[in-house]
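S.K.: Below are the chains, spelled out letter by letter.
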Amino acid sequence: MSERVFRTETLAIHAGQIPDGDTGSRALPIYQTTSFVFDSAEHAASLFDLQTFGNVYSRLSNPTVAALEERVATLEGGRAGVAAASGMAAEALALMTLLQSGDHVVAAGSLYGGSVTMFSVNLLKQGITTTFVDVNDADALAAAIRPETRAVYAESLGNPSLNVLDIATVADVAHAHGLPLIVDNTVPSPALCSPIEHGADIVVHSATKYLAGHGTTLGGVVVESGRFDWANGKFPGMTDPSPGYHGVRFHETFGDFAFTMRCRMESLRVYGAALAPQSAWQILQGVETLPLRMERHCANALAVARALRQDARVAWVSYPGLDDHPQHALLQRYMSGASGLVAFGVKGGLQAGVRFIEGAVFMSHLVNIGDTRTLISHPASTTHRQLDADQRMAAGVPDDMVRISVGLEHIDDILWDIDQALDAAAGRAR
Amino acid sequence: MPIDDAAGLRRILGRDRTIAVVGLSASWHRPSFFAAKYLQSNGYRIVPVNPRYAGQRILEEPVHASLEDIPFPVDMVDVFRRAEQVPPIAASAIAIGARTLWQQIGVDSAQADRLAGEAGLDSVMNRCTKIEHGRLFGGLHWVGVNTGVLSGARRGAAPGTARERRA
Numbered sequence: 001m002s003e004r005v006f007r008t009e010t011l012a013i014h015a016g017q018i019p020d021g022d023t024g025s026r027a028l029p030i031y032q033t034t035s036f037v038f039d040s041a042e043h044a045a046s047l048f049d050l051q052t053f054g055n056v057y058s059r060l061s062n063p064t065v066a067a068l069e070e071r072v073a074t075l076e077g078g079r080a081g082v083a084a085a086s087g088m089a090a091e092a093l094a095l096m097t098l099l100q101s102g103d104h105v106v107a108a109g110s111l112y113g114g115s116v117t118m119f120s121v122n123l124l125k126q127g128i129t130t131t132f133v134d135v136n137d138a139d140a141l142a143a144a145i146r147p148e149t150r151a152v153y154a155e156s157l158g159n160p161s162l163n164v165l166d167i168a169t170v171a172d173v174a175h176a177h178g179l180p181l182i183v184d185n186t187v188p189s190p191a192l193c194s195p196i197e198h199g200a201d202i203v204v205h206s207a208t209k210y211l212a213g214h215g216t217t218l219g220g221v222v223v224e225s226g227r228f229d230w231a232n233g234k235f236p237g238m239t240d241p242s243p244g245y246h247g248v249r250f251h252e253t254f255g256d257f258a259f260t261m262r263c264r265m266e267s268l269r270v271y272g273a274a275l276a277p278q279s280a281w282q283i284l285q286g287v288e289t290l291p292l293r294m295e296r297h298c299a300n301a302l303a304v305a306r307a308l309r310q311d312a313r314v315a316w317v318s319y320p321g322l323d324d325h326p327q328h329a330l331l332q333r334y335m336s337g338a339s340g341l342v343a344f345g346v347k348g349g350l351q352a353g354v355r356f357i358e359g360a361v362f363m364s365h366l367v368n369i370g371d372t373r374t375l376i377s378h379p380a381s382t383t384h385r386q387l388d389a390d391q392r393m394a395a396g397v398p399d400d401m402v403r404i405s406v407g408l409e410h411i412d413d414i415l416w417d418i419d420q421a422l423d424a425a426a427g428r429a430r
Numbered sequence: 431m432p433i434d435d436a437a438g439l440r441r442i443l444g445r446d447r448t449i450a451v452v453g454l455s456a457s458w459h460r461p462s463f464f465a466a467k468y469l470q471s472n473g474y475r476i477v478p479v480n481p482r483y484a485g486q487r488i489l490e491e492p493v494h495a496s497l498e499d500i501p502f503p504v505d506m507v508d509v510f511r512r513a514e515q516v517p518p519i520a521a522s523a524i525a526i527g528a529r530t531l532w533q534q535i536g537v538d539s540a541q542a543d544r545l546a547g548e549a550g551l552d553s554v555m556n557r558c559t560k561i562e563h564g565r566l567f568g569g570l571h572w573v574g575v576n577t578g579v580l581s582g583a584r585r586g587a588a589p590g591t592a593r594e595r596r597a
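Chains U and F, in that order, give the protein sequences. All letters in the first sequence, in the order written, are residues 1 to 430 by the working numbering. All letters in the second sequence, in the order written, are residues 431 to 597 by the working numbering.
Hints are not guaranteed to be accurate.
Just the calculated beta-carbon pair ranges, DEER-fashion [to be verified]:
(1) F:541 x U:39: 18 to 28 Å
(2) F:538 x U:126: 52 to 62 Å
(3) U:176 x F:481: 23 to 33 Å
(4) F:457 x U:229: 39 to 49 Å
(5) U:178 x F:536: 14 to 24 Å
(6) F:499 x U:178: 37 to 47 Å
(7) U:233 x F:536: 29 to 39 Å
(8) U:56 x F:590: 30 to 40 Å
Covered, in the sense of this in silico footprint (three residues per stretch, anywhere, with C-beta under 8 Å from a C-beta of chain U), are these stretches of chain F [claimed, not checked]:
(9) 446-455
(10) 466-477
(11) 505-512
(12) 583-589
If you want a taste of the chain U side facing chain F, the calculated C-beta under 7 Å gives, among others [said to hold, decoys possible]:
(13) 51
(14) 52
(15) 53
(16) 56
(17) 73
(18) 79
(19) 242
(20) 243
(21) 247
The set of hints was computed from the structure by calculation and includes no laboratory data. We put the beta carbon where it would ideally sit given N, CA and C, even for glycine.
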């Protein structure tokens, strides 16, 4: 009998949660507990030796959190997942499990600011170096790889620059060098893009954004494909006896979900950035409607981008869903939509950008993305204000740049608010 | 063709209670020991088969040199041996009246699969008993693994457990 292959909409609602065996509860119970009782001393010993699967302490695993982990792993077409307290915690969990002092990473030249800081400051402090390149340039990527390189890191859809990753090409180069490709799939979400299908080995998420989707809850998830060959000689931490787990060889023991088990049992256990059960539940409420919401985010964002492109008060528009965007063909190859982020330039430079932000009625000025609400930010006067104008240009953040995370309000109202904020930016009264 | 669907694997793991583990290691951190220890703690009777340890005990069970040496019926023969060594083990499994020949992950003798199938045994290939039990009866879900199991009915009790006996 062949197994049914369920579609994304179905998996977003069902994967990872079967009605509770004891109570029959249809909705996911929130297991608000730190710890779980053992059946016996023998059971406790088996759990600590990893010889049986079960819950011990919510820093390692929790049934409510497990539902989120399995659901996101399933949506990504991966083998297994592990959740963390935030997107940054998930990224750190994957990288700290994979890397050690002396290792090197090749990362995409344009990344979320928090990720740039993690590579260029925090990992560097631990003796892990990073080379930033345009990873879509296969020759530049290959040239940046060294004998001590252990990973290639990129975003499927860059934030805030909205560049599209050529996933299969980058994966091919990484694999030819025996390296895993780690992809941050936060911006498109698994509803629009499946990096693993195109060759990614590890996917990381800020679940805070589209997965949770309502601007309420922090969380992150790491998913592994189950396909990377950890026994290729470059990853002794996966194949040698683990000093933290009395000699368990993770790869030999757990096979195609060994990386996730190592993240959980070696890193999450020690660094402790576990996701709270309440947060996992909140995020799952969002995930159930993810495919529906992403459809509308994409439709609204495309309408905004088209309107801005025709607006005389706007200097430029960047949205890879526009058919004249230089990466539109690449987007169509890898994603079923361009997600909800639109970047554009307000004529009049930095001050006009500030006036646009201040002129909005319901669009909120803040630095999150992926909310039901339309969010706006002006990097030059906020996140990038410590840089001078030349440095901002080099960072891909011109002074007139406004980023909109287009929400789920009625498109006519969103276009109205943008229109009247553009009037304010141009110095016209409302 | 080996059985590979969830319903088929669930039927086998729900029916078979006595499992002869061919090639069981006495080292606690080896995969065969992990799997056997897991199955034992989930209510299965484990029968170690390994000539290297014949006469000793592993997991408190006496070790037999061969399948033919086991003085009682076994339901499943679970094989931790290289693929080329499996066909004679399949012949022994048939001879002692086992219901299932189960070849572990990385063990994939098509010849043994065919022998077992022709003799009316259920045959599973290149799968881990521990991982499939955990996948189908709940434990693997707790460590975030994509189990592929969707259900609108309440989660059934694992076979052989107190909750199953209550149900």
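S.K.: Is the interface hint satisfied for residue 247 of chain U? The criterion is a beta-carbon contact with chain F at less than 7 Å.
M.R.: 5 Å, holds
S.K.: Was the hint right that residue 52 of chain U lines chain F, CB cutoff 7 Å?
M.R.: Nearest chain F Cβ about 5 Å off; hint holds.
S.K.: Within 39 to 49 Å or not, the Cβ separation of residue 457 of chain F and residue 229 of chain U?
M.R.: With a Cβ separation near 24 Å, residue 457 of chain F and residue 229 of chain U fall outside 39 to 49 Å, so the hint is violated.
S.K.: Hint residue 53 of chain U vs chain F: min CB-CB distance below 7 Å?
M.R.: Holds, about 3 Å.
S.K.: Residue 56 of chain U was flagged as interface toward chain F. Is the shortest Cβ-Cβ separation under 7 Å?
M.R.: With a closest approach of 10 Å, the residue 56 of chain U hint is violated.
S.K.: For the range 23 to 33 Å, tell me whether the beta carbons of residue 176 of chain U and residue 481 of chain F fit it or not.
M.R.: 44 Å, violated
S.K.: Given the hint of 52 to 62 Å, is the C-beta distance from residue 538 of chain F to residue 126 of chain U inside that range or not?
M.R.: 42 Å, violated
S.K.: Please check whether residue 233 of chain U and residue 536 of chain F have a Cβ separation lying inside 29 to 39 Å.
M.R.: Between residue 233 of chain U and residue 536 of chain F, where Cβ atoms are some 19 Å apart, the hint is violated.
S.K.: Just to make sure I understand the rule, a stretch counts as covered if three or more of its residues have a C-beta closer than 8 Å to a C-beta of the chain. Does the segment 505-512 of chain F meet that for chain U?
M.R.: violated (count 0)
S.K.: Quick check: the segment 583-589 of chain F, covered by chain U? Criterion 3+ residues, Cβ under 8 Å.
M.R.: holds (count 5)
S.K.: Hint residue 51 of chain U vs chain F: min CB-CB distance below 7 Å?
M.R.: 5 Å, holds
S.K.: Taking 8 Å as the Cβ threshold, is the statement that the segment 446-455 of chain F is covered by chain U upheld or broken by the three-residue rule?
M.R.: Three-residue rule not met by the segment 446-455 of chain F, so violated; n is 0.
In this structure, the hints that do not hold are numbers 1, 2, 3, 4, 7, 8, 9, 11, 16, 19, 20, in rising order.
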